[in-house]
Every structure is written in C-alpha cells, then in structure tokens.
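Chemist: Listed below, chain by chain, are the residues.
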Amino acid sequence: MVTSNFEYFAPESFDEAAALLAKYRDTAKILAGGHSLLPIMKLRLAAPEVLIDISKVPELSEISSNGDGLTIGAMATYYELSQSAAVQAAAPAIAEAAGQVADVQVRNRGTIGGSLAHSDPAGDMPAVFLALNGKVVARTRRGTREIASDRFFVDLLTTALRPTEIVTQIKIPATSGKSGSAYAKFENKASHYAIAGVAASVSIGSDGTVSAARVAVTGVSSKSTRAKRTERILIGKEPTASVIRRASDRAAAELQDDLTSDIHASGEYRSYLAGVMAERAITSAVERAG
Amino acid sequence: MTLVGESVRRTEDPRLITGKGTYVADVTLPGMLFMQVVRSPHAHANIKNINVSAATSSPGVVAVFTGADIADQLGSLPVGWVLDDMKQPPHPPLATDKVRTVGDAVAIVIADSYAAAVEAAEFVDVDYELLPVVVNSVEAQKPDAPQLHEEAPGNLAFTWEIEGGDWAEAVKNADVVIQQDIVNQRLIPNAIETRGVVADYNPGTNQITLWTSTQIPHLVRLLFSLVTGHPESKVRIIAPEVGGAFGSKLYLYAEEVIAGIVAKQLGRPVKWIETRQENYLATAHGRDHITSAEIAGNKDGEILGFNVVVNANLGAYLSTFAPLIPTILFGIMLQGVYKIPNIKCKVMGVLTNTTPVDAYRGAGRPEATYVLERMVDRFAQEIGRDPVAVRRKNMINSFRNGYEVPTGVMYDTGNYKGALNKALEIFDYKAFRAEQREARRNGRLLGVGWSTYIEICGIAPSAVAASLGAGAGLWESSTVRVHPTGSVSVYAGTAPSGQGHETVFGQMVSSALGVPMENIEVHHGDTDKQQFGTGSFGSRSLAVGGTALHMSLEKVVAKAKKIAAHQMGIPEKQVELVNGTFVVEDIPEKTMGFGEVAGEAYHAKDLPPGIEPGLEATSFFDPENFTWPFGAHVAVVEIDPDTGDVELKRYVGVDDVGNVINPMIVDGMVHGGVVQGIGQALWETAVYDDEGQLLSGSMLDYAIPVAKNLPSIETDRTVTPTKVNPLGAKGAGETGTIAASPAIVNACVDALKHLGVTHIDMPVTSEKVWRLLDAKNKAHPRRK
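Here the protein sequences line up with chains A and B, keeping their order.
Position in the first sequence (from 1) plus 205 gives the number in this note's numbering.
Position in the second sequence (from 1) plus 7 gives the number in this note's numbering.
It is possible that some hints are incorrect.
Simulated DEER-style distance windows between Cβ atoms [stated by the list, open to error]:
id : chain 1 : residue 1 : chain 2 : residue 2 : range
1  : A       : ALA291    : B       : ILE433    : 43 to 49 Å
2  : A       : ALA291    : B       : ASP132    : 53 to 59 Å
3  : B       : SER83     : A       : SER471    : 41 to 47 Å
4  : B       : GLY251    : A       : GLY413    : 56 to 62 Å
5  : A       : VAL311    : B       : ASP132    : 36 to 42 Å
6  : B       : GLN700    : A       : GLU267    : 41 to 47 Å
7  : B       : ALA470    : A       : ASP467    : 47 to 53 Å
8  : B       : GLU157    : A       : PHE211    : 46 to 52 Å
9  : A       : PHE211    : B       : SER474    : 57 to 63 Å
Note that these hints are calculated values from the structure, not bench results.
Every residue, glycine too, gets a C-beta built ideally from N, C-alpha and C.
Generate coordinates for the entire structure from the input sequences, incorporating the hints supplied.
Modeler: Okay, here's the thing in structure tokens:
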C-alpha cells in the first residue's frame with residue numbers, strides 16, 4: 206500500500222494553488238480531505254504526478270447563510286456540516302447525510318467539496334446537492350463560474366469541472382414558503398457507502414399541495430441522478446402517503462438501463478430500495494416542511 | 008492476596024493502548040532491506056517465463072528472486088496433520104512452474120526501501136499460460152473439472168468418515184427425516200495486525216532469527232528447520248506483540264521461509280509486512296463447507312439420528328492444520344449436547360483455485376454447531392414443536408464423571424439444561440412470544456433464535472491427537488523463575504495474540520506466591536527464552552498452559568517451603584504460605600517472607616540437605632482429555648419488511664467455561680467471539696468469481712461488523728468445572744463465535760416462519776430476505 210511517486214505542494218493562498226493547477230493541469234490532483242483520493246492512489250488506481258493540498262488555503266471551510274441561501278466552503282468537513290446550526294436550519298438533508306458518511310474518522314477529514322469533485326457513484330453528498338438544487342463555485346486564476354448541480358455530474362467519477370478549476374464553495378439557494386429536505390440511505394454493510402440513497406427537497410404551497418420537489422438517487426447507477434418522474438408525480442398534489450408511495454416507486458425508473466449490480470446488491474434490488482428510501486426521504490422532507 | 012477470580016485490569020493494556028507495544032512492523036535493524044512479493048493475478052496458470060531484468064535495474068533494488076533461483080532451499084510447506092490415505096501435494100513457498108490461486112508468490116523483490124521494492128515489483132514481467140479454474144468444492148469433484156495437482160486426482164485430498172450408532176436404523180424408525188442443503192460460507196479472518204516478518208542472519212553464529220506475527224513460535228521454528236534444513240538450534244523465532252490472529256497465524260507461511268532464506272543468502276536483514284489486500288489473498292481463510300444434512304426423529308420431538316455430508320473447500324494447497332478442521336474438530340461434535348444415538352458424517356477435503364482454508368476462530372466447531380443447531384430448529388419447525396422444548400427433550404442430563412457420545416469421544420462434565428435454564432431466567436421467552444404475536448399483527452417481523460452448543464477445547468491429549476493425525480505433541484509447558492529478591496519471571500510456552508495471558512498468568516502467580524502483580528513478568532513468544540511450547544489456539548492456553556504453570560508454581564512453593572521450614576527450625580508440615588509469607592501454626596512470631604526465602608535459596612548459605620540452590624521449576628502438562636465448554640445463547644432480530652434488513656435487537660449468551668480466573672477477560676472474549684459469529688451470520692462472506700478472482704478483496708467489499716450495527720451483548724455464566732485439569736478451567740476463546748451464528752440465523756428464520764420460510768443461508772443479507780419476502784408474501788403493499 207504505497208502510492209507511486211508524486212510531487213506535493215501545500216500552497217497558502219488560493220492564487221498560489223490556482224497557479225500550480227494551471228501549471229500542472231491534468232497531471233495534478235487537488236488534495237482536500239484525501240479520503241477518496243489517497244486510497245485509490247495507494248491501490249494504484251490513480252497515479253497523479255502532483256498533489257496540491259489546499260488545506261492551508263484560508264477561508265475555504267466557512268459556512269454562512271443569508272436570505273439568498275446557504276454558502277458552504279468546499280473544505281467544510283462532514284463533521285462540521287453535521288453539527289452546523291446554519292446547515293441544519295437551511296438544508297437539513299446535508300446535515301443528515303453528512304452525519305451518516307462512513308465513520309467518525311472519515312467525517313473528521315472528508316469534505317463536501319472533495320466529495321462532489323470526486324463524484325463517487327455511491328457518495329451521499331452528490332444526491333443531496335442535486336436535490337437541493339445547489340451550485341458549485343469553481344474558480345481559476347482568471348475568474349469564477351457557478352455550475353448548477355444538474356450540469357455538474359457528467360459520468361462515473363466525472364464532473365463538469367475543468368482541469369484548472371478548484372471548487373471553492375457550494376451554494377444552496379433559499380427556498381420559498383414551507384419547505385423541508387431529508388436524506389435516507391440503505392447502507393452497504395462493508396463500505397458504508399449507499400446501496401441506495403435518496404435525497405429529497407420539497408416545498409408545500411399555501412393550498413397544501415407540493416409546489417416544488419427535487420429528488421435525487423445515489424448508489425443505484427453510475428452517478429447521482431434526479432428522479433424526475435418521482436418529482437412530477439409529487440408536484441401539484443397533496444403529499445399524502447399514497448401519493449408519496451406512488452411517486453417513490455418511480456425513483457429509479459429513469460435508471461433502468463444503468464443499474465449497478467455487484468456482490469452487494471443486484472440492480473433489481475437497488476432499484477427497489479431506491480423506492481423505499483425515496484418514500485422515507487420524501488415523507489421526512491414533507492414533515493419538515495410542516 | 009487472592010486474585011484468581013477477580014476482574015484484574017489487563018497489565019498489557021497500558022502499553023498497547025498508548026502505542027508502546029512492539030509489533031513486527033516496529034522492528035528495525037541496521038542495514039535492513041525490504042521485501043515485496045510479486046503475486047499471481049491469475050487463479051490457475053502455467054508460468055512460461057519470468058523476466059526480472061527491468062525490476063533488477065530499478066532504483067534501490069538489491070536482488071530479485073524467482074522460484075527457479077531458490078526453490079531448492081525453500082522446500083515445500085508441510086502439513087502438520089495427516090489423515091489416513093491423505094494426498095499431500097507439494098506446496099512450494101515460491102511457485103516455479105505453476106500457480107494455483109490468485110496471490111501465489113511468483114517472485115521476490117528485495118530493495119533498500121519499501122517504496123523501491125513496491126515500485127520494482129511492478130516491473131517483474133511474468134508470462135502466464137492460463138488454465139481453466141474451479142473455485143467451488145462440489146464443482147471441483149466433477150469428472151471434467153480442472154485438475155490442480157497430479158498428486159490429488161479429482162482434486163480430492165481426502166475422504167474422512169465417522170459413524171456412531173446406525174443411521175440407516177434411525178431413518179427406518181423415524182416419523183420424519185428432513186434433508187437440508189446448508190452452506191457455511193468462506194470467511195476472511197481479519198486480524199487487525201496483518202502478518203509480517205523480519206528475518207536476520209548472523210554469519211558468525213549461523214543463526215537465523217525471525218520476528219514473525221504467529222501463534223506458534225516453536226512450531227514455526229520446528230517446521231522452518233524441517234523445510235529448509237537449517238538446524239533447529241540455529242533458528243530463533245520471536246513473536247512480539249501479536250495483534251489478533253483467530254487461527255490465521257497458526258501455520259508456517261511461505262513468506263516466513265522466503266524471508267529467512269533470503270536474509271541468509273544476502274547476509275542482511277529483510278523485512279516484509281503484509282498489506283491488507285495481500286492478507287485477503289495470502290493468509291488462510293476459514294469455513295467454506297457445502298453440506299447436505301439430514302435429521303431423523305419422531306413427532307414427539309425425539310431426535311434419532313443425524314447425517315451430514317460435507318464438501319470442504321481446502322483451497323489450492325493444504326495449509327498446516329487444514330485436514331484437522333473439517334474432520335476431527337467437526338465430525339466428532341455432531342451430536343452436540345443431545346442424546347442423538349445415531350451419527351454419520353462424511354467429509355470430502357477438496358482442492359480448488361482459491362486461498363487455502365484452515366482454522367478460523369472455532370475451527371470446525373462453528374461449522375458443526377451451525378449445521379446441528381440449524382437442523383434442530385428445522386426439525387422442531389417441521390413437527391410443529393417449540394425449538395426450546397425440542398432441545399430440552401433431547402439434552403444429555405447433567406453429569407460429573409464423563410459421558411461417552413456416539414462419535415467415540417468422552418465429554419468431561421456437563422450441565423446443559425443448567426445453562427439453558429440460566430438463559431431462560433435472563434430472557435423471558437414466554438413474554439417474547441407474546442410480543443412477537445402482537446408485532447406480527449402490526450406487520451412487524453420479530454424472531455428469536457437459540458443455540459445450545461458444546462465445543463472442544465483444551466487441545467490436546469497428545470497421544471489421542473497423534474492417533475488422529477497430529478504431527479506434533481499438543482502438551483504445554485511453563486517455567487517459573489523466582490529471582491533472589493522475590494520477583495518472578497514466568498516463561499510460558501503459549502503465545503498470545505491479545506488474550507491477556509500476562510494478566511491471567513500473573514494472577515495465578517500472585518495468588519500462589521503472594522507476589523504483587525507488578526513484580527511478575529510473563530514472557531512468551533521467543534524460542535530462545537522459553538522451553539518448547541505448542542502455542543495458543545483451540546482455547547488451550549489456560550486449560551493446558553495454565554495447568555503447566557500451576558504445576559511449576561506448586562513445585563516452587565514446595566521447595567520454598569522446605570527452605571523456610573529449615574531456616575525457621577520448624578517441621579515442614581507446620582509451615583504454610585499465606586499471602587506471600589511463610590507462617591507457622593500456633594507460633595505467630597515465626598514468619599519468613601517469600602522474598603526472603605528466595606534470597607536464601609540463591610545465597611545458599613544454609614539450605615536443607617539435598618536441596619539444590621536457586622528457586623525455579625519447569626513443568627510440561629499433557630492433558631488426558633479435551634475440555635468441553637458449553638452454553639446457551641439467544642438472539643432476537645427484527646426484520647424490516649420494506650427492505651429485508653435484519654436488525655439484531657438483543658443478544659444473551661450464557662457460557663460454561665468451567666472455573667474462571669478473570670471474569671472481565673472471559674466476558675471480553677465472549678463479546679469478541681459473539682461479534683465474529685454475528686458477522687458470519689449477517690454480513691461477512693468471501694466471494695470468488697468463476698475466474699478465481701476474490702471479489703470481496705478488501706474491507707470495502709468484505710463486511711466487518713461495526714459497533715453501530717450491534718446491540719449491547721449480555722453475558723452470564725454457569726460454572727461446571729472440568730476434572731481434566733486441576734484448575735477446572737475449560738477454555739473461553741471461541742465459545743461466542745461457535746454459539747452466535749446459528750442463534751442469529753435461527754432468529755431470522757423464526758421471524759419469517761409464518762410465511763413458510765424454513766432456511767436461509769448465511770450471510771442473511773437484506774436482499775436474500777427481500778427475495779424471500781417477495782416470493783412468500785405477495786400481499787405485501789410494496790409488491791406490484
């Protein structure tokens with residue numbers, strides 16, 4: 206368990222980090238918490254020639270909220286997210302998912318920015334980020350752009366980030382009216398990643414019907430994906446148990462050609478579990494919307 | 008000072024939990040080189056060519072060896088247990104012409120740093136010619152199956168049979184005969200410390216020293232010497248702290264031989280530390296039985312017979328004790344705690360293209376207990392009787408002077424109903440059944456499972472073991488050396504891997520001699536320090552090793568008493584050692600401290616006639632029988648009807664391990680054992696694909712139990728001392744693992760039996776349960 210040789214940099218400013226990345230581009234990897242990257246390097250599934258450790262770059266782990274929504278520094282750890290009052294108030298699904306990631310050692314090191322940039326097909330954060338309609342703030346030496354969650358996850362372990370971009374923040378927009386979010390996960394007993402995880406964000410209008418809903422599924426296919434059929438069934442209806450069940454049972458409907466099947470669960474079972482987890486997440490989100 | 012029976016805190020722990028223990032990985036020697044093993048990525052292949060030139064010229068590389076270079080010095084790894092008519096195909100530590108499992112060592116890279124060795128190993132170019140693969144013990148016996156070894160036609164290493172009574176007669180007389188296919192899946196032991204070796208050669212003395220993470224330092228020395236021809240007196244084996252073993256460090260391994268020989272050849276120390284992924288491939292696995300079981304009985308619950316046919320997967324080669332595990336330690340246990348008059352068992356030992364299988368915590372007894380306890384439940388379900396009532400009806404009554412069972416062995420002492428009754432005191436069975444009925448009405452799936460087990464410990468009476476195939480004696484040894492100031496060093500032949508021997512043996516010494524714990528040192532695991540000992544496995548360390556210590560303590564006390572009596576001028580029979588002081592009956596002013604007597608023994612200015620100076624004793628204890636711990640465990644599970652997920656809600660274990668020296672340590676061992684049994688029942692499984700690739704090749708894919716998925720485990724004991732040894736101790740290292748798996752699976756089946764479920768193979772994963780629910784419960788609201 207030893208990595209290939211690599212050069213290590215620990216820049217102390219964003220500009221320095223961005224300059225290094227601009228210089229080394231594809232041969233470099235950004236090191237955040239390291240809990241996805243270092244294991245695959247030790248297994249020699251990845252062999253970056255350069256690591257740029259951004260843990261010394263200031264102001265990357267701040268969490269704040271205002272009327273526009275929640276802003277989370279990319280280096281905020283799962284532990285910080287699970288404990289943050291701002292997160293719990295504005296986006297309880299994030300706190301709920303962060304508290305379920307792996308074990309306490311991982312939660313103390315692993316970061317939301319690292320999770321999204323790595324885009325593990327069974328990661329918890331990607332689904333939550335999708336359901337909450339978040340944006341990734343991607344910065345280079347030259348400028349900043351925001352990438353909407355719907356455009357962020359491209360394929361297995363592949364995101365819309367360009368080689369010179371560093372994730373600096375995650376933005377979660379404020380929701381209007383009564384709204385709630387939740388995450389439900391059926392865990393792989395070995396890795397503790399999701400066999401099927403579902404994040405849901407629901408807003409209830411003044412007439413008691415669902416005015417907005419975003420539901421996203423992880424663990425079931427090659428990347429975290431929105432369950433748009435589920436959302437469509439929910440929107441405009443009163444979120445009764447039977448509506449939620451009918452909607453939930455479509456959670457993996459769009460994933461049928463891309464189901465993950467391995468020694469832990471067949472695609473069929475994952476697809477089924479997505480429905481159960483969707484029901485639990487949506488029910489809880491609706492309750493939180495009050 | 009009586010410390011025996013008290014929960015003394017473990018004297019090992021302060022150094023271990025503050026990171027001050029010395030494990031093999033902590034051993035660093037001047038000029039030390041690092042070894043990386045190049046392993047086969049293929050499960051079955053001919054080696055056409057190995058090109059090492061690129062690796063040899065890689066930076067930092069000192070040498071690269073292939074089997075062709077050093078095979079003649081490495082010999083073949085031996086089998087330490089030989090059954091009648093057993094085939095013994097060669098097991099080269101470094102492959103020469105053929106590989107038979109993923110992980111077989113094909114070359115060795117030696118470099119001046121670990122990183123350089125790892126890097127260079129990538130450049131060893133091996134040209135393989137792939138051969139067909141077989142990984143399953145039933146498939147491997149088919150006529151057209153790929154053949155692993157010329158020496159073992161049909162991939163069969165042995166067929167082993169035992170019969171007591173007359174199974175055919177039982178079938179004829181029985182109201183019901185139930186057959187069930189049962190798989191006891193392959194497990195990976197997962198000691199927290201992987202294996203590792205540091206080998207050093209002294210050209211001046213011709214001594215090879217190996218620091219190795221092992222349960223059997225003296226047997227490693229013996230086998231290393233036999234394999235390599237290096238004189239046993241010139242081999243020193245040191246097992247420093249060993250971080251868990253569970254049977255997986257009970258063998259002579261290829262890397263031990265290779266590192267020793269390479270260090271000798273290069274004249275420099277060589278270090279090898281196994282990675283976790285190597286550990287999954289190169290360290291022996293456990294279990295892996297494909298079984299057909301039949302139980303015969305009457306409708307009133309009487310069990311008449313039990314017949315088991317096992318296809319035991321032994322992996323690609325016979326590991327050191329592999330032939331023992333699925334045969335003796337399995338077959339003779341098949342009547343359990345019951346009066347089953349007719350027992351029949353046939354075991355095929357099968358070679359496949361997989362990692363070798365050998366002892367894993369419980370070693371044969373968990374497999375036997377699982378198949379029996381599962382079938383007792385299956386029988387009770389079939390005849391519509393309560394599983395506890397059926398158990399009680401068939402249980403052997405309490406006995407104190409031996410009980411001979413149909414498989415030909417003699418249980419020592421037993422009170423099986425006593426343990427069951429104690430469990431029933433703790434767990435309100437009747438109330439649970441009421442709760443279960445109520446829960447079912449509300450759509451909840453609750454289940455309870457029992458396991459009333461017996462196991463075989465205190466391994467072993469040497470002559471009996473030899474008659475069954477053992478290639479070495481299985482007695483144990485101790486030396487007690489009292490120093491002139493009265494402090495004490497104990498040299499034990501046992502070799503712990505976390506069991507707390509220093510504490511327990513210390514308690515025994517402190518109790519016997521009155522010496523405080525802090526003045527007692529217990530040494531083990533160094534063949535140059537200790538007299539020959541067999542090591543630690545089979546829950547033998549206290550029952551056999553502790554007895555050897557007890558004998559040495561008695562000899563020391565007897566001699567010290569003679570010296571004390573002589574010096575005080577009092578007849579010996581009036582002198583007694585009480586809490587570290589020799590006192591004289593009726594003369595309170597006459598006393599002599601134990602330390603003072605020790606000083607006199609060494610000063611030797613006034614010893615009784617015929618008494619030698621010094622104060623130490625060595626003893627060897629060979630028991631006349633095994634010991635037979637038993638108990639009753641009960642598990643409660645709840646199954647999520649939506650997902651099939653099994654939640655363990657409650658676990659109660661009542662064990663009878665005879666007399667207990669340190670209750671806290673026994674509780675701890677039971678907890679750990681139970682968790683491993685739960686792991687097998689619910690989560691753990693080693694999975695190979697048809698190409699022989701281990702799909703569960705790391706902890707990402709092999710599910711180790713974690714605390715958040717476990718309830719608080721409730722333990723209690725009954726005490727039925729054995730007469731096999733003077734301590735009355737039976738052994739406690741494996742009880743939990745043996746008892747737990749059937750209790751959990753029985754509980755899972757119980758939760759689903761109203762749907763017609765009769766058996767679920769381990770591990771009881773949520774998907775298996777979901778499929779059963781899907782098939783059996785069409786009315787479930789989520790089914791479409």
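Chemist: Does each hint hold? Answer for all of them.
Modeler: For each hint, the structure was consulted:
1. For the pair ALA291 of chain A and ILE433 of chain B, the supplied restraint of 43 to 49 Å holds, since their beta-carbon distance comes to about 47 Å.
2. Look at ALA291 of chain A against ASP132 of chain B: about 57 Å separates their beta carbons, and that is inside 53 to 59 Å.
3. Restraint check, SER83 of chain B to SER471 of chain A: a C-beta distance of roughly 43 Å satisfies the suggested window 41 to 47 Å.
4. Between GLY251 of chain B and GLY413 of chain A the CB atoms are about 58 Å apart, so this pair conforms to the stated range of 56 to 62 Å.
5. The hinted window of 36 to 42 Å between VAL311 of chain A and ASP132 of chain B holds, with their beta carbons roughly 38 Å apart.
6. Take GLN700 of chain B and GLU267 of chain A: their Cβ atoms lie about 46 Å apart, and the range 41 to 47 Å holds.
7. About 51 Å separates the C-beta atoms of ALA470 of chain B and ASP467 of chain A, a value consistent with the hinted range of 47 to 53 Å.
8. A hinted range of 46 to 52 Å holds for the C-beta pair GLU157 of chain B and PHE211 of chain A, which are about 47 Å apart.
9. The beta-carbon spacing between PHE211 of chain A and SER474 of chain B, approximately 60 Å, falls within the hinted interval of 57 to 63 Å.
Of the numbered hints given earlier, the model fails none.
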